[in-house]
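Sequence order for the protein chains is A and B. Taking the numbering used here, I'd label the letters of the first sequence as residues 1 to 192. Taking the numbering used here, I'd label the letters of the second sequence as residues 1 to 449.
Careful: at least some of the hints might be erroneous.
Stated by the list, open to error - Derived EDC-like pairs: lysine to aspartate or glutamate, alpha-carbon spacing no greater than 20 Å straight-line:
hint	chain 1	residue 1	chain 2	residue 2
1	B	Lys7	A	Glu149
2	B	Lys30	A	Glu149
3	B	Lys234	B	Asp388
The hints are simulated quantities; they were obtained by calculation from the structure and are not laboratory data. Predicted model, so just to flag it, every value in this text is computed and none were measured.
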Amino acid sequence: MSIKQTYQVLSDAQQLIIKGCIAGERASQQKLYNLYARKMMGVCLWYARNKEEAEEILQDGFMRVFTYIGKFKGEGSFEGWIRRIMVNAALAKYKNRSHLRPVVEYNPEEHEIKEAVSPIVILEAKELVKLVQELTPGYRMVFNLYVLEGMKHREIAELLGISEGTSKSNLADSRIILQRQIEALSKKVASL
Amino acid sequence: MNKNLHKMDEIFNAAYKGFSENPSSNVWDKISSGLDKVEASSYKRRLRRWKQVAIFSLLLLAGFVLYETILKNNPIPSNKNESIAIDTNERAETTDQQGRDINRIHSTIDVSITAVTGKPHTNDVLPGHLNEDNIKQYHQQYKETLIFSSAENTRQSLEKEGYPLITNTISSSPERNNSDKKAFLQTDAQSRYLDIIHELPAKNNSARSKQLLNPRWTLSAYVSSDRPGYRLDKDGPALLKIKEHEDHQPSFSAGILIARHVKNRLAVQTGLIYSNTTIVISPEQIYASRDQTGKVLYKYVVSSGYAYVKPSFVSAASPGDSLTAEAGEHVLQCVAVPLMFTYDLIKNNKLIVSPGFGVTGNFLTSAKVETDLEGSSKREHVSIRKLDGIRPFNWSLMGAVTLEYMVTRRMSINVRPFLSYAMSPITSGNDVETFPYNIGIGAGASYRF
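Next comes chain A alone, as it looks inside the complex (with noise of 0.2 Å):
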């Protein structure tokens, strides 16, 4: 199958610019890094503590992007393909780092959310970012990955190596510590 039938659904201009990575052209690179840096530093910046630290899953995850570029088949949108590597780069990172939170099993009555959380609409995405930075590690993957990615209890467990229980967990209370500094966010944002 010839490149311009694998990916049908990228523009004659990212066909080229993926045909030159492929073939290892540097000005390629370059291109496609320029195209979804941007993007991809937004998703980075979720996933890590800071700036420094989305930089570094950035460039790990370009990095990765640059290595298995020949390996992208055209299922799905090239922007997924890429996105999907810098969270499993976001991931291996934390997984070295063994920042994960150790197995604390999932009561629901512990973790109930009492209150709206509206106040969350006035916060800008940024504002958001920071919240989620804050969490400690395995409280954040786990958030990330439930809510931003969509992914199940399950698979969390078997990505992250820790039990359906821990996942709940982790996700309720991280649930818990945003819906708090949410509202005192919400608090100080009202009272100026």
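Given chain A, put chain B in place with the hints provided.
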């Protein structure tokens, strides 16, 4: 609760999908440098693969050449072939008009001339034992095209193709009679040709005749002036330090090579090459560290290895202590065994130009470092005879062009520019990986037999 959760999730999700931010400008630089490293390692992997392919191909080629030369040149006689015919001829006692021994001449011709033409395409029809270039020179000299064939069917097919035959076919069959031989000898052209043959020694030995007509072996000796160098690998402070402090001096090598012609122009060459490389090391600081046994000694690192030293004026050293190593000299001696294929690109009466390519196995015979260590106003000469982190054997690729001037039919003088480049490092476990190369020009003499 669920409603709130969903709303919270949706808002985070929407923020996630729409969120983007510019990374710092240096991120691309880091990625680019990371890609450079990946490329370098990928290049190394490819190079390693190519080395394996090259060595395998050479072994295969060597096997093929051996098969061609040994098995094909010594077939098991299955019927009355040319060799048998020669024996028959040699028994006849006939002389030509000038009183030459026709039998000897014929026997030589029978062996030597199979199918030699002025046109190269017949070379692959029958392998000419006669030196084709000698015949060609003869053709050029007498402006004639000669076709000889000892095989009747070959002669007929050549005649059909319109080659001007100036000889009768010298039949190699036992039926040939003396009148045929006499008829063959009667034309001037044939006589001239036979004169050439006649210069050969009179021994009636087919193998000997073949050998004399077409020398198969070439023994050469040469000495060369070399400009060695190396490529250093393995990033680190040692690499920069070595690059900064080491300087290759003009060196020399000498070799004895023997080549076996397996085809008219193709030869396999091997032999022994001795090389002596001198590297001058400028003064530098060396630092104390623990060696493999746990002792704290001063580590002196050079491109081909390292050594732990301690001058007598230092009673005890702590890791990190330093000394000054004054200007030193590093001498490497090596014996290489090449396996090369050469091809006579140009070959005439006086000049032979033969490019060649192959591999050499290099055996390091000696690696010495001489320097003076200085510290606390004291100085001591240190001679290092054994380096660690050095490999006793490595492979190189070698290319050479031999330009030979024929002084006599057998003797020649030659000039031999060459280049060799290490395929594997001469170091193992050193702070750097060192791939030596050598460019040189040699001069020598060759003898063909």
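A quick look at each hint next to the structure:
no.: 1; hint: Lys7/B x Glu149/A; verdict: 16 Å, holds
no.: 2; hint: Lys30/B x Glu149/A; verdict: 28 Å, violated
no.: 3; hint: Lys234/B x Asp388/B; verdict: 17 Å, holds
Checked against the numbered hints given earlier, this structure breaks only hint 2.
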